[in-house]
Amino acid sequence: MRNQSAMQKRTLLSGQKLQITIKRLCHQLIENHTDFSNTVLIGIQPRGTFFADRVHQELTAILKTEAIKKGHLDITFFRDDFRRKDGLVTASSNTIDFVIEGKQVILIDDVLWTGRTIRAAMDALLAYGRPESVELMVLIDRRFSRHLPIEANYIGMRVDSVDSQKVKVSWIENEAEDKVILLSEPSSPKRP
Amino acid sequence: MAADKLSTRHLLGIKDINLNDIELIFETADNFKDVINRPIKKVPSLRDITIANIFFENSTRTKLSFELAEKRLSADVVNFAASSSSVSKGETLIDTVNNILAMKVDMVVMRHPYAGAGQFLSRHINAQIVNAGDGAHEHPTQALLDAFSIREKLGDVAGKKVVIVGDILHSRVAISNILCLQKLGAEVMVCGPTTLIPKHIAALGVKVEHDLIKALNWCDVANMLRIQLERMDIKYFATGREYAMMYGLNKQILDNLDKEIVVMHPGPINRGVEITSDVADSKQSIILNQVENGVAIRMAVLYLLASQKDS
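Chain order of the listed sequences is A and B. Residues in the first sequence are numbered from 12 upward in steps of one, following the working numbering. Residues in the second sequence are numbered from 277 upward in steps of one, following the working numbering.
The hints are simulated quantities; they were obtained by calculation from the structure and are not laboratory data. Ideal Cβ positions, reconstructed from N, Cα and C, are used throughout, including at glycine. Hints may be right or wrong, so weigh each one.
Said to hold, decoys possible - With a Cα cut of at most 30 Å, we get these calculated DSS-like pairs of lysine-lysine:
no., chain 1, residue 1, chain 2, residue 2
1, B, 317, A, 80
2, A, 114, B, 559
3, B, 380, B, 459
4, B, 527, A, 114
5, A, 190, A, 20
6, B, 380, B, 281
7, A, 80, B, 309
8, B, 317, A, 96
9, B, 511, A, 96
10, A, 177, B, 281
11, B, 559, A, 96
12, A, 96, B, 483
13, B, 527, B, 559
14, B, 437, B, 317
15, B, 483, B, 291
16, B, 429, B, 511
17, B, 380, B, 437
18, A, 96, B, 291
19, A, 20, A, 177
What the hints assert, rightly or not - Covered, in the sense of this in silico footprint (three residues per stretch, anywhere, with C-beta under 8 Å from a C-beta of chain A), are these stretches of chain B:
no., region
20, 306-312
21, 315-324
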């Protein structure tokens with residue numbers, strides 16, 4: 012991957028539009044889960060947690076309840092590229108202080124690309140017990156790039172992209188701005 | 277946050293690793309401690325790795341701890357104890373290990389009665405080596421789990437005062453502990469009878485004290501080492517009872533100190549010699565926490581070493 016500053020940037024979502032997308036996703040969740048009495052939100056570490064926190068915040072505001080459970084799940088030890096990739100991905104913390112057994116779990120991540128992270132997340136999740144069901148919510152779905160048969164139930168935005176491109180999601184909490192951008196290699200000079 | 281890579285391919289001793297390595301191991305061990313307290317205590321990270329535990333010397337805790345750590349990382353494990361092997365038929369160390377490696381083993385965890393056995397092996401074979409104790413030289417994972425336990429109990433190791441009491445002369449735990457604690461910024465003192473304190477130990481930058489009460493009043497943490505009778509070729513002190521009177525820690529001494537100190541012991545305990553039962557089982561003792569942390573630390577070490585892509 013080349014230096015990010017040399018890449019072309021296209022903003023996919025930002026500011027109010029991103030806010031509206033999150034609101035829409037929350038209402039879709041409420042449609043299926045009503046009062047969240049048996050539903051828990053799990054954000055995937057490290058980057059899905061910001062999105063999960065936002066969704067949790069929004070749901071709390073809409074439903075006017077503090078009772079919606081939310082956790083963070085680290086998948087590092089369940090990845091399938093251990094020893095196949097240079098460098099090590101440092102683990103993050105797990106914060107799941109409730110029982111997963113019998114719950115309806117909504118896994119939350121920022122970008123769905125190959126599907127490998129979600130595969131690992133499902134394995135990691137099962138180490139905490141047997142949920143009644145697992146659904147997936149993503150902010151960005153990079154279509155047609157899956158390595159595994161995995162699809163999301165709730166999607167903020169679908170994006171068509173190629174492998175050399177990169178989708179970057181930043182939040183006020185980590186990078187001072189709510190923004191989703193698509194990074195592309197500069198296009199090659201036109202043929203004469 | 278620590279950098280994301282160990283500086284070494286083997287873990288032979290604390291001497292060969294740096295502060296960043298230690299911090300990375302601790303951070304990773306925090307995660308594994310969380311794993312081993314879950315309903316399902318296992319992760320699949322090392323599922324395509326085979327580890328041989330080669331023990332040329334007896335061990336209960338270390339061997340069990342390594343084996344549990346390996347199994348909780350989903351590695352395949354083979355065990356080898358010298359006492360029941362062809363070593364007694366005269367096979368050399370390299371031959372033994374090469375034969376084991378021919379069975380496609382990726383990592384070797386070795387305990388050996390001679391100092392430097394791990395170093396020697398690392399020069400001659402391809403597998404990654406974890407030293408589980410070599411003679412009176414080093415026992416790196418023990419030192420890491422001791423420091424990790426201090427960090428857990430007191431919040432930090434830096435600036436803490438740790439006294440290591442007892443048989444320093446025959447102790448690999450002492451050497452590794454001194455190096456590890458110093459790298460983490462702790463002050464270290466050794467305490468014991470003159471005969472069991474190596475002559476030039478002060479060159480490592482540790483304080484030397486022969487009065488147990490003075491040492492205990494100085495420290496935040498007391499690590500009471502086991503008297504290693506099996507390594508003593510001559511008499512270093514008159515009787516076990518005399519040793520217990522001079523250097524044994526009992527509840528009365530503990531209660532009469534100016535402050536509450538943390539008591540550690542690497543095990544196995546000679547109850548009534550280094551420490552009495554009421555001390556070993558008291559609230560100030562973190563002996564069983566050490567054992568629990570041992571598994572997490574060893575998982576971290578194996579995981580971090582195994583994550584290095586084959587060269």
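Hint-by-hint comparison with the structure:
1. B:317 - A:80: Satisfied, since the Cα-Cα distance of roughly 23 Å is no more than 30 Å.
2. A:114 - B:559: This hinted pair is violated, its Cα atoms lying about 38 Å apart.
3. B:380 - B:459: 36 Å, violated
4. B:527 - A:114: Between residue 527 of chain B and residue 114 of chain A the Cα gap is close to 49 Å, so the pair fails against 30 Å, i.e. violated.
5. A:190 - A:20: Holds, at roughly 12 Å.
6. B:380 - B:281: 25 Å, holds
7. A:80 - B:309: 23 Å, holds
8. B:317 - A:96: 25 Å, holds
9. B:511 - A:96: Between residue 511 of chain B and residue 96 of chain A the Cα gap is close to 55 Å, so the pair fails against 30 Å, i.e. violated.
10. A:177 - B:281: 25 Å, holds
11. B:559 - A:96: Judged against 30 Å, a Cα distance of about 45 Å means the pair is violated.
12. A:96 - B:483: 46 Å, violated
13. B:527 - B:559: The given pair, whose Cα atoms are some 11 Å apart, holds under the 30 Å limit.
14. B:437 - B:317: 34 Å, violated
15. B:483 - B:291: 19 Å, holds
16. B:429 - B:511: Not OK: residue 429 of chain B and residue 511 of chain B at ~37 Å, beyond 30 Å, violated.
17. B:380 - B:437: Roughly 45 Å between the alpha carbons, so the hint for residue 380 of chain B and residue 437 of chain B is violated.
18. A:96 - B:291: Between residue 96 of chain A and residue 291 of chain B the Cα gap is close to 29 Å, so the pair holds against 30 Å.
19. A:20 - A:177: 10 Å, holds
20. 306-312: holds (count 4)
21. 315-324: holds (count 8)
Figure legend: structure checked against the earlier numbered hints; hints not met, in rising order: 2, 3, 4, 9, 11, 12, 14, 16, 17.
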